[in-house]
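Undergrad: Could you slot chain U onto chain R? The hints should help.
Next come the chains, spelled out residue by residue.
Protein chains: 2
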Amino acid sequence: MAVYTEVSDDEVERFVAAYDIGEVIALKGIAEGVENSNYLLQTAKGSYILTLYEKRVARADLPFFLGLMEHLAAKGLPCPTPIAARDGRTLRELHKRPAAIISFLRGMWPRRILVTHCAQVGEALARLHLAVADFSLHRANALALPGWRQLYQSCRTRADEVQPGLAEEIKRELDELAAQWPEGLPQGVIHADLFPDNVFFLGDKLSGLIDYYFACNEILAYDLGICLNAWCFENDDSFNATKARALVRGYTKTRPVSPGEIAALPVLARGSALRFLLTRLYDWLHHPAGAFVKPKDPLEYLKKLRFHRSVKSAAAYGL
Amino acid sequence: MAVYTEVSDDEVERFVAAYDIGEVIALKGIAEGVENSNYLLQTAKGSYILTLYEKRVARADLPFFLGLMEHLAAKGLPCPTPIAARDGRTLRELHKRPAAIISFLRGMWPRRILVTHCAQVGEALARLHLAVADFSLHRANALALPGWRQLYQSCRTRADEVQPGLAEEIKRELDELAAQWPEGLPQGVIHADLFPDNVFFLGDKLSGLIDYYFACNEILAYDLGICLNAWCFENDDSFNATKARALVRGYTKTRPVSPGEIAALPVLARGSALRFLLTRLYDWLHHPAGAFVKPKDPLEYLKKLRFHRSVKSAAAYGL
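So the protein sequences, as listed, match chains R and U.
Every position in the first sequence, counted from 1, becomes a number in the working numbering once 21 is added.
Every position in the second sequence, counted from 1, becomes a number in the working numbering once 21 is added.
Only chain R is shown next, with the shape it has when bound in the complex:
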């Protein structure tokens, strides 16, 4: 849940008047998303999401994110698309913050993950990776190995407060991943945060992929590693191989993967687990007292990381 920017009713009415979407009927702050302030905006013409970009999202990245959504929506992916105001601009300003109105997607994110969800997520991820082939903008992945090292440095002295030995284990993992990180694999724009709360289903059918604010250029199969972590572990941190197989097969039937990508999957999944372990650890150690956002448990990702370290090959994921 975001720390909200409270916008006034007349500010919103003036803002919306610059679009061809009718008069404002209702505006409700949404208790989802932690990076930005999101409102569900209802007008005479329908429902929209109004997003105010808070300082955790760099202004310079906004054309990439909005352009990516436009690109994906134009390719037919079930992706929210930025709405242009009458002046043609999608990125405007509200309450001294960058702001955009984005189309509303129907559906709910699944609180209880089923195998069919995993299969459809795999397929949708592959479609996304194919669709970005001709997307021209570029954004470096700030949360790759050098970024992980920085996070480790800023958590190193206090990591053992969370679990004794954690700092040493992370350091060893960073060294091993640096030595083993694959080179020469297909790259492109990845979603980088395709967790269940970013995927909508209407009934049993995937209806939306949202939240592109971590998207960046990276090894494509790394995104599959993120999804294995996000979708295929149960609440008790056990790995569900049936879900993994469904996810991976959903992906590979749409975008066939090379032997190199298959071989690299365990190390990519380890890297992805380490990335979420580190950001969660950072938030855990640095979150201010009384903050609105409750930090997530970093140790969930230590368990996932250890699982992937124990894996002998991508056969464990159904490949």
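No wet-lab data here; the hints were simulated from the structure.
There's no promise every hint is true.
DSBU-like cross-link-like pairs, simulated, lysine-lysine; straight-line CA separation at most 30 Å [unchecked claim]:
1. U:Lys317 with R:Lys117
2. U:Lys317 with R:Lys317
3. R:Lys317 with R:Lys226
4. U:Lys226 with U:Lys192
5. U:Lys226 with R:Lys117
6. U:Lys76 with R:Lys317
7. R:Lys66 with U:Lys226
8. U:Lys317 with R:Lys76
9. R:Lys317 with R:Lys76
10. U:Lys117 with R:Lys226
11. U:Lys226 with U:Lys96
12. U:Lys274 with R:Lys226
13. U:Lys76 with U:Lys226
14. R:Lys66 with R:Lys96
15. U:Lys66 with U:Lys117
16. R:Lys66 with U:Lys66
17. U:Lys333 with U:Lys192
18. R:Lys333 with R:Lys192
19. R:Lys317 with U:Lys117
20. R:Lys274 with R:Lys192
21. U:Lys96 with U:Lys274
22. U:Lys96 with U:Lys192
23. U:Lys66 with U:Lys96
TA: Using the frame of chain R, we list chain U on its own:
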């Protein structure tokens, strides 16, 4: 913003299937309201509010609250009305909590208060007071003088942490209000929490009165005292007599008040300021570290209380 109960998508779909409101299209947690978990529910037939009642609201009171909303909506007030399921019930259960689906009201609550808002709120409050004349249920006001004394007792030893001398000032105020509290004034069901975030406007016109979860039987003019506190002070805590006059005249043109009610208004407004001072003070001193809800400043209401104490007669409010 509420501490949310997270309901699963399949639970909600099963719950909604018991109503004649079509299939679920979307469900978003709303970042408003602190007592309950509120979701904006969109179905094939329209928009609704799905409320899960959390433990701060007593189950035994729910028939009163839902019955009141039905009663007011039936009388034509712009009030959300509970939707009955096919079995005729409005109060049902979801995720082991009492839950209800309530009609959706268009409009936004005003972040910047104008005189016209105050005039319309006064009139709507009077209409509400007239409309409850034949409402048969009864709910005692837990936040009247005896309740204030209890709150004072549980804050007494720590009140001076917030401001030196606060405990003594509250004690003196309680004694004075007990001595001066009016008797024999017209009573009925009051809203008791008609703050700006509980009143919607569509353009400049009042379109909704929401949140009946503090409603109770009380002196009707006390509700006017609450609204004077909620609507007629500026952000710098100065009193805006023009807004007060508009509020009071909006009220009295719809429900004429007796000389006794007029004379009692300053003491009722003082009591109402003390009520919010005490509940805010309690929340301030007792709110758990890391809670999601940021407590509101109690001293805002100390300033309002002192203003009403300085008032010589209801003439200060435009009467």
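Undergrad: Which constraints among the numbered hints does this structure fail? Numbers only, ascending.
TA: 4, 12, 13, 20 and 22
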